[in-house]
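Chemist: Spelled out, the chains give:
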Amino acid sequence: MEEEIRPLPKFDYFSPHSLHDLSTLLKQLKGGISFLAGGTDLLVNMKKRITIPKVIIDINRIQELSFIEKRSNNIHVGSVTRLNNLIESSIVQENVPLLTEAIRFLASHPIRNRATIGGNLCTASPAADAAPPLLALNASVKLKSPDDEKIVPLSEFFVGPRQTVRKHNEILTEIIIPCEKGSNAFMKLGRRRGFTLSVVSVAAFGIIKGDKFEDIRIALGGVAPTPIRAYKIEEMLKGVEVSDRSIEKAAEIAKSISKPSKRAKRASVEYREAMARVLTKRVLMKIAFEERG
Amino acid sequence: MYQDYLGEVKKLLHGKDYKVVGKNVIRVDAIEKVTGRAKYTTDFIIENALIVRAVRSPYPHALIKKINKKPAFKIPGVVAVIIGDDIPGENQCGYYLDDQPLIATDKVRYIGDIVALVVAKDKESAWAGADAVEVKYEELPAVFDPKEALKGDFKIHNRKSPGDVKVIKGDVEQAFKECDVIVENIYKPGSQDHAYLETEAAIAIPEAQDGILVISTNQGPFRTRNAVARVLGKPQSQVRVITPYIGGGFGGKDTYGPIISSLAAVAAEITRQPAMIVHTRYDSFVYHFKRCPFEIRFKSGATKDGKLKAIEVDYLCDCGGYAAHVIGLLKRAAYHSTGVYEIPNCNVQGIAVYTNNLPVAAFNGFGNPQMLFAVESQMDLLAEKLNIDPVEFRLKNALVPGSRTGTNQLLDHSVGIKELISKVAKKADWVKKRSKQKRWQSETKKRGIGIGCSWHGCGTTGFKHDWAGASVILNPDGSVTYSTGIVEIGQGTITSHAMMVAETLGIPYEWVKVELNDTSRMPDSGETHAQRGAFIGGTAAVDAALKLRKKLNKLASEILKCDEDEITIEDGIAYSLNDASKKISFNDLVREMYQRGISPAEYGFIKARRGYPDPDTGQGDPYAAYTFGCTIAEVEIDIETGEVNVLRLYPGVAAGKILQPDVVRGQINGCAMLGLGYSLTEVVERENGKMVNPSFTDYLIPTIMDKPEIAEFISVEDEYKYSGYGAKGVGEIAFIATPLAVANAVYDAIGVRFYDLPISAEKVYFALKRK
Ligand SMILES: Cc1cc2nc3c(=O)[nH]c(=O)nc-3n(C[C@H](O)[C@H](O)[C@H](O)COP(=O)(O)OP(=O)(O)OC[C@H]3O[C@@H](n4cnc5c(N)ncnc54)[C@H](O)[C@@H]3O)c2cc1C
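Residue numbers (this note's numbering), protein chains in the order written: chain A, 1297 to 1589; chain B, 11 to 781.
Any given hint might turn out to be false.
Unchecked claim - So the derived list for chain B, only partly shown, Cβ under 7 Å to chain A, looks like this:
id : residue
1  : Trp137
2  : Asp141
3  : Glu183
4  : Thr290
5  : Tyr292
6  : Thr691
7  : Pro704
8  : Leu710
Said to hold, decoys possible - Between beta-carbon pairs, the in silico distance windows are:
id : chain 1 : residue 1 : chain 2 : residue 2 : range
9  : B       : Lys49     : A       : Ile1346   : 29 to 37 Å
10 : A       : Thr1347   : B       : Leu657    : 55 to 63 Å
11 : A       : Val1340   : B       : Ala611    : 50 to 58 Å
12 : B       : Lys84     : A       : Val1340   : 27 to 35 Å
13 : A       : Lys1545   : B       : Arg307    : 42 to 50 Å
14 : A       : Gln1389   : B       : Asn655    : 23 to 31 Å
15 : A       : Pro1449   : B       : Lys781    : 42 to 50 Å
16 : B       : Ile714    : A       : Lys1545   : 38 to 46 Å
17 : A       : Asp1444   : B       : Asn655    : 45 to 53 Å
18 : B       : Ile56     : A       : Cys1475   : 57 to 65 Å
The set of hints was computed from the structure by calculation and includes no laboratory data.
In this text, a Cβ means the ideal position worked out from N, Cα and C, and glycines have one as well.
Work out the full structure, taking the sequences as your base and the hints as a guide.
Modeler: Here it is, written out as structure tokens:
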């Protein structure tokens, strides 16, 4: 049953201006902390009483968290970068167009003006639209606590619906995306055309040499408790001839590895599994088509 | 009493073309709406208004054993806690039947039934107070399926049904024996949320002499006034309802407007302080009443030459815990159950049944979308069996002037459906696109085309009165103050009224100012529903303007020393048709009225020209006139995902005179989108009668990206004599036809017929898999 929307609960509020101030603050606070980025998930969850933080740390004033840069062969994106800024960024468009494509139709224009990339990942919704492309692109995230900093591959970041390996006093500071030349495809199936949560989404990055799949990386959203990489498909396709049969086989695997939660709303398990197959097939066909012309 | 307004106006204008009517003037409210200056109910909130929060039942069916107000008063901001016994007047807010207390006292009948109101100084206290009120319930067995409710041992009210309807004509049994093809199916069109941008809200302010002023989101200012007067135990004169612009109504605020207004009014009366209540989106989704789900068994038969002979229909309306709007929509559905066709033998029986679901509201189409979904599916099924093209089959049976309806009403004029079907089919290139041979398709996509025809009686259904007033004041500078009892809910009616007033007076449209709707300046004008805003309300405007125009003509003829018949007034100049140099400006003419002591103000008032069908046979004239609609839809279906993509819609109406084409186009395109939602994505998911997808994330109205190409609408101007400028209504007709056309197009594409709505991608996917 959908939770009632109520007035916001009471909370303490801090708004540090730098990562340094944030560290100092985090050392003083005990727990019950939520970071506030765009607030498009957090505030809704607070109104529904799914999250009742004691303390809100607004990270919107931390300039250091808002950037898009290319360093050597990686794109670095600050966690508080707004989705619309990402979509408009020529650095992202040129180097990791798969990400642009995936978030272009996420939510609506006004939501994308506020929503951040860090928020999308930290919410860890099984249907988060930024996750499958970033998984397929081998992205990783940087987590920073007051006295530590580490880099975690995104494939190890999600642990369950709305759960990640991030500890309460760690902030996601940036996302690191390796740049590679190849073809991209993203497809999202929602319940209507615009402004819709994905029922199933599939993102793939691929290189084809001659008639064979040289390298395929593919990730699915909406088909499991977390967004998942489909390693089985990747292994199966490696070095295999591009054909209707191999693609069909890959699509079948997508269906078999799909384990959507029975409690998930919005679509039945059977439909999600079937759509994992259809979208995987279409995504691979698009890559095959693009690579071979 | 029933004037040939069309004839009178034409005479006055000496057969000249209209100067204003039929033109694309800028809407009265356009600029302020697009610039964000237009004021809606919550823009009128005054400082220090108390906040009202309802305590609602968590049980679908239970006895109220005890209510303890005390804990709420522990919250510092709480000012009052109001229970049913505290209501100053009568604790009753039923729409057609007196079966609904405003605040339940003995038992609750759906999840959300109101048991108390908490009135507080601020929002937080109001919510906390509502949580704190202790209510002891004793749960009763609840029922959510109307068939079970009818059979089983459930006692929601002291009777199982709030009402029924019959339409009996000819000899159905005999007629079916003479039919060559018979089709019988069960249809289950579902519920729908109005999903308007503006949620329900009301502000009540104590006024002088013990009066009370209510500003609220409603579509029936007079019904709202009467409802408030009733619960406050005041005469109607003591209650004034001002209705500002409304952010979408679609019928929902017809039903819920009086309720939400009464809640604010009771709080303001008891505290003698301004009080307001505003629904959150969640409240709106979960608690405001919605479209009535139907279950319809429909049997129809035809002879092999393609003539319809008989229908036998029985249907159930699940009205939820209270009757609310069900009786009207139940009857309307029955009176339209022949569709736009001549059918000599009918046996139609409908019954509304109480359950513990959320009660039902008026909603665009008012029972017709549900009933006509069955009618038009049956038409295609019959056509297929008869091996006749669906358009041809419809043309063979369509109503024409001189036809009699299922209620035996004689339609002597204004019956443009036949011409409309032909024109829409031609525009859509039906014959070519319907042919299976040349049709485009791919491995994963299939296309189809389908038609849906609708009709909708204008004005309220013939078991309730239907009248309206309007007033026109000519100011000394020649400007005009116009007031109407009709509400601007976004549909554009007030623009049409202003145009008709201007045309009738012979002045530019811009000279007419339309006042905010205020019940204290107008006789009871009924509700803004049932396609009656321009049709009835607009005719009252013409009635008032005509009275003044006659005075102006007479005065001008006196001043210009010529015959009254010679006078015409155009663009604000009165002159003699025989000698154009004999002229006087409108301003001077009006000033002269004042000088000579001729009243420069008039009220108009009209009553719909119709009857009251016999309750046992349904025979009679339930509506003054009918608007007709026809829509053709082209769809493309992704057979791997089940997605239905509506590519193109070709809408058409026979709605009499089109007063303002842009306004009508707005109505038609908006209706098409509303219809698309009902066709494809909108589902009110329920548990124990309570909506469980109450957000725009999960209640899926179409977005602009879902909008198909909508062709310029076809209009057959089948003018109606007894209304202003021959206009009929357009607000509902184009909605009704959309789902019918889409469902028939889906069948054409994939050969699967859906007997319930919406046709979601998942449903199509599984249906194709089974096939
Ligand atoms: C109407 C609507 C439609 C939507 N449609 C979509 C859609 O189509 N697809 C989709 O994927 N999502 C959708 N969303 C969800 C949401 O907008 C996105 O997930 C968005 O990217 C969240 O970002 P945010 O900055 O608003 O997060 P916030 O709400 O600010 O934060 C979300 C969570 O992450 C935590 N957090 C945020 N930033 C950090 C950080 N740097 N370090 C550590 N923790 C952090 C917060 O504490 C909170 O728990 C929709 C939301 C709404 C309201």
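Chemist: With reference to the structure, classify each hint as holding or not holding.
Modeler: Status of the hints after comparison with the structure:
The beta carbon of B:Trp137 is positioned within 7 Å of a beta carbon in chain A (closest approach about 6 Å), and the interface hint is therefore held. Given hint, B:Asp141 at the interface with chain A, is violated; its Cβ is 9 Å from that chain's nearest Cβ, farther than 7 Å. Because the smallest distance between the Cβ of B:Glu183 and any Cβ of chain A comes to about 44 Å, over 7 Å, the interface hint for this residue is violated. The criterion of a C-beta within 7 Å of any C-beta in chain A is met by B:Thr290, whose closest approach is roughly 5 Å, and the hint holds.
Satisfaction of the interface hint for B:Tyr292 is found here, the shortest Cβ-Cβ separation to chain A being roughly 4 Å, below the 7 Å cut-off. With 7 Å as the threshold, the beta carbon of B:Thr691 comes within range of chain A, its nearest partner Cβ sitting at about 5 Å, so the hint holds. The interface hint given for B:Pro704 holds, since its Cβ lies 5 Å from the closest Cβ of chain A, which is under the 7 Å cut-off. Because the closest C-beta pair between B:Leu710 and chain A is about 5 Å apart, less than 7 Å, the hint holds.
Distance hint for B:Lys49 and A:Ile1346: a CB-CB separation of about 35 Å, consistent with the stated range 29 to 37 Å. For the pair A:Thr1347 and B:Leu657, the beta carbons lie near 43 Å from each other, so the given range of 55 to 63 Å is not met. A hinted range of 50 to 58 Å holds for the C-beta pair A:Val1340 and B:Ala611, which are about 53 Å apart. Taking 27 to 35 Å as the suggested C-beta distance range, the pair B:Lys84 and A:Val1340 conforms, at roughly 30 Å.
In this structure, A:Lys1545 and B:Arg307 meet the distance hint of 42 to 50 Å, their C-beta atoms being roughly 48 Å apart. A hinted range of 23 to 31 Å for the beta carbons of A:Gln1389 and B:Asn655 is consistent with their spacing of about 28 Å. Distance hint for A:Pro1449 and B:Lys781: a CB-CB separation of about 45 Å, consistent with the stated range 42 to 50 Å. For B:Ile714 and A:Lys1545, the hinted distance range of 38 to 46 Å is satisfied, since their beta carbons lie about 39 Å from each other.
Restraint check, A:Asp1444 to B:Asn655: a C-beta distance of roughly 51 Å satisfies the suggested window 45 to 53 Å. For B:Ile56 and A:Cys1475, the hinted distance range of 57 to 65 Å is satisfied, since their beta carbons lie about 59 Å from each other.
Going through the hint list in order, the structure does not satisfy hints 2, 3 and 10.
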